[in-house]
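Protein sequences, first through last, are from chains A and B.
Our numbering puts the first residue of the first sequence at 1, with every later residue one more than the last.
Our numbering puts the first residue of the second sequence at 1001, with every later residue one more than the last.
Honestly, the hints are just simulated from the structure, not real lab data.
Just so you know, not all the hints are guaranteed correct.
When the alpha-carbon atoms are kept at most 25 Å apart in a straight line, the in silico DMTMM-like pairs for lysine to aspartate or glutamate are as follows [to be verified]:
{"id": "1", "chain 1": "B", "residue 1": "1147", "chain 2": "A", "residue 2": "211"}
{"id": "2", "chain 1": "B", "residue 1": "1049", "chain 2": "A", "residue 2": "216"}
{"id": "3", "chain 1": "B", "residue 1": "1187", "chain 2": "A", "residue 2": "14"}
{"id": "4", "chain 1": "B", "residue 1": "1147", "chain 2": "A", "residue 2": "216"}
{"id": "5", "chain 1": "B", "residue 1": "1093", "chain 2": "A", "residue 2": "211"}
{"id": "6", "chain 1": "B", "residue 1": "1093", "chain 2": "A", "residue 2": "198"}
{"id": "7", "chain 1": "B", "residue 1": "1049", "chain 2": "A", "residue 2": "211"}
Label pairs and their calculated CB-CB ranges [to be verified]:
{"id": "8", "chain 1": "A", "residue 1": "91", "chain 2": "B", "residue 2": "1186", "range": "26 to 34 Å"}
{"id": "9", "chain 1": "B", "residue 1": "1041", "chain 2": "A", "residue 2": "217", "range": "45 to 53 Å"}
{"id": "10", "chain 1": "A", "residue 1": "232", "chain 2": "B", "residue 2": "1098", "range": "33 to 41 Å"}
{"id": "11", "chain 1": "B", "residue 1": "1176", "chain 2": "A", "residue 2": "240", "range": "50 to 58 Å"}
{"id": "12", "chain 1": "B", "residue 1": "1055", "chain 2": "A", "residue 2": "30", "range": "51 to 59 Å"}
{"id": "13", "chain 1": "A", "residue 1": "137", "chain 2": "B", "residue 2": "1141", "range": "34 to 42 Å"}
We put the beta carbon where it would ideally sit given N, CA and C, even for glycine.
Listed below are the residues making up each chain.
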Amino acid sequence: MRYVGALIRKECVEDIFSSRGAVLYLVGCGILSVFSFLLVSNTELSLLDNAQAVYMMAGIVVGLAVLIAVIRGSDGFAGERERETLETLLTAPVGALNAAMAKLAGIVFSWFIIFFLSIPYLWTVGSTGQNLWPAFAYLFLAGTLLVVTFGGFTLALSARIKTVKGVLSIGLLLFLVSGSPIVMGPSLRQSAIGRFMDAINPFGVALNMLDSVVVDSQGILIQILPLSVLLCYAGAVLLFLHLAIRRMEL
Amino acid sequence: MKRHILLSIAFLTIFSCMLFVPAMNGRAEVPSVQVTIEPPPGALTMGDKAVFQGTVRNAGRQNLQGLVVYLSLVSLEPGHEHPMDLEDWSAQKAIRIERLAPGETSARDWSMRLIRSGRYGVALTVIDPRESRPMVSALIPFTVLPKPAIASGRIVPVAIGEPLILLFLFGLFSGLHNRRRQTRDRKRVRP
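The following block holds chain A by itself, in its conformation from the complex (with noise of 0.2 Å):
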């Protein structure tokens, strides 16, 4: 147990003192900045409602916890290999699978930081609006289950696929098939396919979560099926790493 703590203290850790991860979180504060200075310079987006800003700005931070995620799962096992540090890891006294938990809470570490990091800019655009705590609580909730997700599949994947470059592709277009919501917006999403997508896509069910949370005020008995929703995501993705690294290969 000693040794499954120190591995998840070296994953959490290593990526504040490494330049790798203190890039990640400077692009993701410097993305949420220029979209705080489009909100006040632009005049039409000035004038969105500050729970229209919320829901925005929490899209946004959600869409950067999944990317740091895939980035990070891809690099997991199959950047261990092209290192040559994955024979050293997997015969040291922890096993296989506690190295993959430790790898996946050091992705939803990073995810805690990047929400960390977006408080002040939730707080700045929606202190003055409706729901900024709920905004809060269900942001946490959908981005955690989000990033177990996404960041679970891909270090599963980087179990099976011997290069982070094979991983990270797969994984980034998963990132932008499931990120299209964002791009489709509001009105091609009532098509058929458009609903049948947000159903079924775990990213567009936590923005249709995070809308009627802030924008349209719903209660926690509307979320309850988003919420299940998402949790069979994340556990049908740990059944699915937990399958993948038994049959992980050097």
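Using the hints provided, position chain B relative to the given structure of chain A.
The following block gives chain B in isolation, referenced to the frame of chain A:
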């Protein structure tokens, strides 16, 4: 004398006919559909969800079927008069009334999120597929009071300050980490 009486009778007949014609025309133009829309009470402020009450009444003697009712919103700001996109205002655009019996009234709430301040007008239009002209309610003017939605005074310090603080903290942590590692390495090298 007889001629004068006949002329007078003819004049009076024509005059009375002229008096009746507009009244007859007016009766013929009584619409079979009556449509009204009422604004919500009290002042409206940006960000509010305003609910307008619309009613459609069948004032005719026949059943009306397949009526289409839709909302129109226009900006009445002097020099900027233009129709507004209802999707931006989260408003329902149109409904269909399947059947409306004589004397029956269909009442419905039309809600919209007030996303901008200014002077606006709202109206309901009813289209009866059997009539050549749509029926439009009176235009209801209303004013949306401004509200400071996004305070630029708070956003700018955060948008500039947070990346700078983050950069400083990363530099500090990284420096401390490297220094600690160098000290540890030096201790290991010493015999």
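These are the hints, each one checked on the structure:
1. Between residue 1147/B and residue 211/A, the direct Cα distance comes to roughly 22 Å. Compliance with the 25 Å bound is thereby established for this hinted pair.
2. A threshold of 25 Å between alpha carbons decides the hint, and for residue 1049/B with residue 216/A the separation of about 10 Å falls inside it, so the pair holds.
3. Distance restraint check for residue 1187/B and residue 14/A: the Cα-Cα separation of roughly 23 Å lies within the 25 Å cut-off, and the hinted pair is therefore satisfied.
4. Simply put, residue 1147/B and residue 216/A have alpha-carbon atoms about 19 Å apart, close enough for the 25 Å limit, and the pair holds.
5. This hinted pair checks out: residue 1093/B and residue 211/A have alpha carbons roughly 20 Å apart, not beyond 25 Å.
6. Under the criterion of a C-alpha separation no larger than 25 Å, the hint pairing residue 1093/B with residue 198/A is consistent with the structure, at around 23 Å.
7. Between residue 1049/B and residue 211/A, the direct Cα distance comes to roughly 16 Å. Compliance with the 25 Å bound is thereby established for this hinted pair.
8. Distance hint check for residue 91/A and residue 1186/B: the Cβ-Cβ separation is about 30 Å, which falls inside the suggested range of 26 to 34 Å.
9. About 21 Å separates the C-beta atoms of residue 1041/B and residue 217/A, a value inconsistent with the hinted range of 45 to 53 Å.
10. Between residue 232/A and residue 1098/B the CB atoms are about 39 Å apart, so this pair conforms to the stated range of 33 to 41 Å.
11. Remark: the range hint 50 to 58 Å for residue 1176/B to residue 240/A is contradicted by a beta-carbon distance near 39 Å.
12. Distance hint check for residue 1055/B and residue 30/A: the Cβ-Cβ separation is about 53 Å, which falls inside the suggested range of 51 to 59 Å.
13. Distance hint for residue 137/A and residue 1141/B: a CB-CB separation of about 41 Å, consistent with the stated range 34 to 42 Å.
Hint violations for this structure: numbers 9 and 11, all remaining hints satisfied.
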